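K.L.:
Chain by chain, the residues:
There are 4 protein chains.
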Amino acid sequence: MVPRYSRPQMDAIWSPAERFRIWFEIEALAAEAMAQLGTIPDDAARVIRAKGSPRAAAIDAAAVEAIDAIERVTRHDVIAFLTYMADGIGPEARFMHQGMTSSDVLDTALAVQMTRAADLIIADLDALLAALKARAMEHKFTPTIGRSHGIHAEPTTFGLKLAGHYAEFARDRARMMAARAEIATCAISGPVGTQASVDPRVEAHVAAALGLSVEPHSTQVIPRDRHAAFFAALAITASGIERLATEVRHLQRSEVREAEEFFHPGQKGSSSMPHKRNPVLSENITGLARLVRGYVVPALENVTLWHERDISHSSVERVIAPDATTALDFALNRLTGMMEKLVIYPERMRQNMESLGGVVHSQKVLLALTQAGMSREGAYAAVQRAAMATWTTLGEAGARDFRAHLLEDPEVAALMDGAALDAAMDPARDFVSVDAIFARVFGP
Amino acid sequence: MVPRYSRPQMDAIWSPAERFRIWFEIEALAAEAMAQLGTIPDDAARVIRAKGSPRAAAIDAAAVEAIDAIERVTRHDVIAFLTYMADGIGPEARFMHQGMTSSDVLDTALAVQMTRAADLIIADLDALLAALKARAMEHKFTPTIGRSHGIHAEPTTFGLKLAGHYAEFARDRARMMAARAEIATCAISGPVGTQASVDPRVEAHVAAALGLSVEPHSTQVIPRDRHAAFFAALAITASGIERLATEVRHLQRSEVREAEEFFHPGQKGSSSMPHKRNPVLSENITGLARLVRGYVVPALENVTLWHERDISHSSVERVIAPDATTALDFALNRLTGMMEKLVIYPERMRQNMESLGGVVHSQKVLLALTQAGMSREGAYAAVQRAAMATWTTLGEAGARDFRAHLLEDPEVAALMDGAALDAAMDPARDFVSVDAIFARVFGP
Amino acid sequence: MVPRYSRPQMDAIWSPAERFRIWFEIEALAAEAMAQLGTIPDDAARVIRAKGSPRAAAIDAAAVEAIDAIERVTRHDVIAFLTYMADGIGPEARFMHQGMTSSDVLDTALAVQMTRAADLIIADLDALLAALKARAMEHKFTPTIGRSHGIHAEPTTFGLKLAGHYAEFARDRARMMAARAEIATCAISGPVGTQASVDPRVEAHVAAALGLSVEPHSTQVIPRDRHAAFFAALAITASGIERLATEVRHLQRSEVREAEEFFHPGQKGSSSMPHKRNPVLSENITGLARLVRGYVVPALENVTLWHERDISHSSVERVIAPDATTALDFALNRLTGMMEKLVIYPERMRQNMESLGGVVHSQKVLLALTQAGMSREGAYAAVQRAAMATWTTLGEAGARDFRAHLLEDPEVAALMDGAALDAAMDPARDFVSVDAIFARVFGP
Amino acid sequence: MVPRYSRPQMDAIWSPAERFRIWFEIEALAAEAMAQLGTIPDDAARVIRAKGSPRAAAIDAAAVEAIDAIERVTRHDVIAFLTYMADGIGPEARFMHQGMTSSDVLDTALAVQMTRAADLIIADLDALLAALKARAMEHKFTPTIGRSHGIHAEPTTFGLKLAGHYAEFARDRARMMAARAEIATCAISGPVGTQASVDPRVEAHVAAALGLSVEPHSTQVIPRDRHAAFFAALAITASGIERLATEVRHLQRSEVREAEEFFHPGQKGSSSMPHKRNPVLSENITGLARLVRGYVVPALENVTLWHERDISHSSVERVIAPDATTALDFALNRLTGMMEKLVIYPERMRQNMESLGGVVHSQKVLLALTQAGMSREGAYAAVQRAAMATWTTLGEAGARDFRAHLLEDPEVAALMDGAALDAAMDPARDFVSVDAIFARVFGP
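So the sequence lines, in the order shown, correspond to chains Z, F, P and W. Residues in the first sequence are numbered consecutively from 1, following UniProt numbering. Residues in the second sequence are numbered consecutively from 1, following UniProt numbering. Residues in the third sequence are numbered consecutively from 1, following UniProt numbering. Residues in the fourth sequence are numbered consecutively from 1, following UniProt numbering.
Check each hint, because a few of them may be wrong.
Listed next, the stretches of chain Z that the computed footprint assigns to chain P, with coverage defined by at least 3 CB atoms under 8 Å from CB atoms of chain P [to be verified]:
#1 119-129
#2 247-260
#3 268-282
#4 307-313
#5 349-359
#6 382-393
Hints in this document: simulated from the structure, not taken from any laboratory. Everything numeric in this text was worked out from a predicted model, so none of it was measured. By construction, the Cβ of each residue, glycine as well, lies at the ideal position given by its N, Cα and C atoms.
Looking at chain Z on its own, in the form it has when it is part of the complex:
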């Protein structure tokens, strides 16, 4: 991922040096297990650990380049790494990687990296959930118009809006937990996964030490349906980001102006138009969401490897594993900061809500009329008549509001007077269930 959309915490997970360090840890742990089983000499495991650990810890850019140089001859990355390590460990290095195959190292290391990346993302989600909850509580009863199809529907509260996003990100968090479990498996199963040359107890030891579960059946590789499920969870979470970003973009548009991204001192919105304050963070993460979604397609195609394994998944994962997790981590962080600082305009919300002459209360009148005995179709027609009359004269001089149009309608007037209408349209009725919904979302 380009530096612009990367955070150092995530970069660290995916750095080449860190990758090699995890590889060594896997090899050292496996050697220790083999020594315990008597497959290799005790001394060998001890030397591998004693001499290998500092060598692995010291891997820097120059060491990475040295390993890459070996790879240019062997054309095999794990062999290059083993050769580099053997150089520092000495003869006992021949007991490293005994009975193992490179996938054992590569796939288990990828599991470690993806698990750590998942942990970062879950922490990101926790921070976002906290921010959303705080703003939702703050605006639990801030009235604002609810919109379906972009058209004013009925009043809701700004807190309720945020609660809905909170609930979605809470589901995303659960999905990320499940996705983390999917890929947190360890395979040390040797060629074509038969564990003919490596005892299953080695695998169990490495898995336990790394906090992974044992892959019940690896066909040399950890099966890629697990990874596909992981990337799908990232993509769904990214889509939740886009939904909230889109809400903010709508609320900030010039005709709405109900909320606004924080505009920093010194910030400039446009190179040409000094008046501009644009929801650029929201738009930015909307694009990042598209990116993360796009990575699902190759991840799904990766599932179908040939026979016990082919390596076509590798080039895909070298790119999308860091890119998808890094972009999502970045977007979640940006979104959290944005929501924490989001400037909210309750007065403007009130103005917008009242701007359509009261037609947003049409359902309440419809219900009152049917309760008063009108057929549903008749009531609907009468209320629609009054609403359309209100709507089409909005803003005109002398225009009457919805209530006035209703009272002029003989069918309505026969059943309801002004007081009855006022009772029906009482705004207090709009928020009777807010507490109940908050309790369902945030707990009692």
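Fit chains F, P and W to the given chain Z structure using the hints.
P.N.:
Coordinates of chains F, P and W only, in the frame set by chain Z:
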């Protein structure tokens, strides 16, 4: 989905008539709950049920057309349906749909349909798992060559291959269960989801009666991240189908001939070449897997609806909800039948395994040499020399096998004689962990 | 595609009966070419045409079922069809399909169907272009605010907006023409495409008669990169539909109200809220655009067939070829009608444009100040100050507009007086290039 | 893109420093055009060029960091760049960017970069086409079995196989040329694209100087359908790479062994199994093809920007524009080298072709029998009988071949004797059209 790839059980779930019947059930249940709460008269609920049930049950093609005709005027499907039902129910119909909005009906009905579709797919997976387990047990110790990169690697068993697919489909089953739970929610929350005009207890009643959970927060619509997760689970399962289908296609290719789809009496493989017997079922479901994967993209885009809802998701779901579930149901069934009848050629497996002059045992010799004191690099080089010499003369007159080449190598011969080599390459060692892996996959 | 999103013209192209009729035409044309070449007897070709033509023309639902019944035995669709036709043609039928393979028939028939579907879509685009041009001319100088990031930027005209969509659909038309050419090829090349058993002149004859070009190299099948390019063109066109639909959805939202989909007499916008008039057509085609985009993914995966062909593409294309073209045809038609009837509110456009106190002219002041000698950074800061002061007091009692704030700024006032400001902000300057742009888009 | 899959030529195009240099060139050219028109002083344009050129040329990592530091305050990349340049240019810098908006710079610069990237890719395709043509000519008449469904069908030549891939990449080249033309446009149209503040002649001047065409209608941004078409062309080309890579993977598999990637001295195929030689280059580019395909999805979603522009496309393009072009450039180069060095085994091709006892000639016998008067159905049944009898006894002791089984069949024997069969199955007939197909693909 085209009839060619549809099964009647799934078609029934998605038929227009069934959809309307579910709509009615939701309306009738809601009315009953409202009557209990005193929102509408008891009699109203009773009449709605009494007159509505037979009318709904009798919905046939003509009734569907009648509803569609009303829709052509109202341009609103739920209103058209309510109008049609009101015609049979009479004045009490005005108490139907009180305080509800069309999404309450549409989304809850979709949840019912998707849940039923999920149940069918889960049953399909159970049948597939049973078939795979039976064939895996049958061939638990049928030796066959394991292949990485399409190249012979080391021996495995055909049962182990199938066990890997079993394990994957078992994960898919778990994912489908989770996906089912994701979309098995009920929303009866009224305009913009505030439950201002419909009591949450109505929702709870309908949910319980339909076997759904209550949607904690619906923004008028059930949030589409749930549906995206559902389609992602379908896509991952479809990818598992493709992986197994690809295995069969590989095994059936003319040079391999280790397994073959059952060829029916009367079947013809080609219009021009009477000798053809092609893995057409496998290829067919490979294509269906691509289709099902493609539906994830629009499902993910559906998450970002505007504000409390827009209806852009609807046209997508009218197509992909039936199409994705129907194609997957069909493909799973086809795959199950195919695996049950798959013709397996153990003798050919043996021939192929032995066709490379024994080089497939190279790792065992490598390990023995390192155990005997050679460096890993030295042992690797010696074994690679012998293997390449074997490989490049394969099939030539007088060609020697891997064992012979090894014995000619002075470095090898210094450490191992023929008996030692035979012990190292003992095929019995290949399958020592098969029981353990089977126990992990199928249980003890 | 579901009937709801299908037009009869497109359905006719993809009907099973029509497919069989095209198959017959290909076989008959090939037989005639073979007769000319002396490969089969003249009489045979004549009888095939004479007896086959009426039999093909008469194919109805019952005939389709009869062919399907044969296929259930042969498990091969083309053989089933040939058997059905042979039944009506008699012994000469043995000269049908000589040296050909089923792909010759299937792929060439698909080319005919896709070409026809492309023609419909191109005609749809012509109708849409005409509608957009008419509306663009009508509103060539209707002022409206241009928006970047959803924020008021500078004035533009509604005609200019439409001209941009016109230009995009004109590009889409060109892409569809190129895509049509991609798939308008004929392959009659026999098994594995060697033309060993069928003379290339047969292919040339069939191609010419069907208005197709000859496939230079078919590997038994017409290569699927052609089809992928076709579906990509559909997807790009669909995305253009979504862009225009999104514009209309924005313009119709309650706070904007600058344009509105036509609302029919009798139409109902919501089952619960009689006041609703929603942009449901735009939302509907937004969803259809998502669908059409989703079909690109499997179309791209179809390119990689094994060796000379496998049939995995077939199940994909049986679904996406009709579905993608039908959905796009429907969406284009719906969009054209929608744009023709779109209700446009110029007065509301003017109100919105003026609602931000004049800050939308900020660039013009910035330019005037730099021309008057201020540094770009200084001018930007001054204009930004005035704009932000205007913006943050919008709607407050006694708030001053942008011009007033500028005149109060000593740095600005030192260089420009009120008259100079008025000259700089003269709205007439906004539209000086409209004619030039229209000429580029629509021609002089 | 990760360094592992990048070539320096492509990296150079996408480097931050190069991006800034292109930005400056656009600003300088625009200033020169404005000076010619009298919009800004002649001197200003001269100073901008004279002082700006060396400053731009000297942009290095430190300068990039300096610009980024300014951006951290302004939160606007183009303003940061202009500020950095102004620092070196002095007061005349205020005449830079007059009447322009940042999109003018960003989008035109992106067009320059994408055009250059396209040129590299087209050159890559030329090299690949040359390699394929050379190998196709070399093996024009090397017999090999053609396979449909992975099953032996009829003989073809290895040159014909390669010719098919050549033809596909030639189409890809044409698509890349069209895609290059799509994005090679220049927009200098100012806020919301009205060209109110910047004369269209400025745009024409910049376009001509940069070798771009003028964008007829930009809505502030160059419309993203152009970019979507570009990425679609990359994806289709990538799919062609995968098709050829898949062919090589199939040919190298152990049971086929008809071709093999070059195995370098020192290369190691597996960390555990020294005998392995794997088609790792083919598998690697198969994965890269998946990646490039995946970028189409976000590119298509980018088309729908809001109103005159939003910036959601930007984060997508900052990643996929370099990543997709870099991965494709790398994969094409790798494929070309791989095909040049591909080791081909004609003798093994012959062995495989003959391994099925002659059934691959079944169509020729079928045709001869129908020509001799048998019904198509009867001939098919007789030939199928003989082929299946051959097939099912393949490799058994005393098994007879296809010819023998045919001669034993009384129905066949009644019409054809051994000589007639030999004439029908004459292999010389298989390649009669090779010259004609080569002429169509490579020209006469």
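K.L.:
All hints, please: hold or fail.
P.N.:
Outcome of the hint check:
Counting residues of the segment 119-129 of chain Z whose CB lies closer than 8 Å to any CB of chain P gives 0, so the stated coverage by that chain is violated, three being the minimum. Counting residues of the segment 247-260 of chain Z whose beta-carbon sits less than 8 Å from any beta-carbon of chain P gives 8, enough to reach three: the coverage restraint holds. For a cut-off of 8 Å, the count of residues in the segment 268-282 of chain Z with a CB near a CB of chain P stands at 12, and the three-residue condition holds. Coverage of the segment 307-313 of chain Z by chain P is violated in this model, with 0 residues showing a Cβ closer than 8 Å to a Cβ of that chain against a need of three.
Given a C-beta distance limit of less than 8 Å, the hint that chain P covers the segment 349-359 of chain Z holds, as 5 residues qualify and 3 suffice. Given a C-beta distance limit of less than 8 Å, the hint that chain P covers the segment 382-393 of chain Z holds, as 6 residues qualify and 3 suffice.
Checked against the numbered hints listed earlier, the structure breaks hints 1 and 4; every other hint is satisfied.
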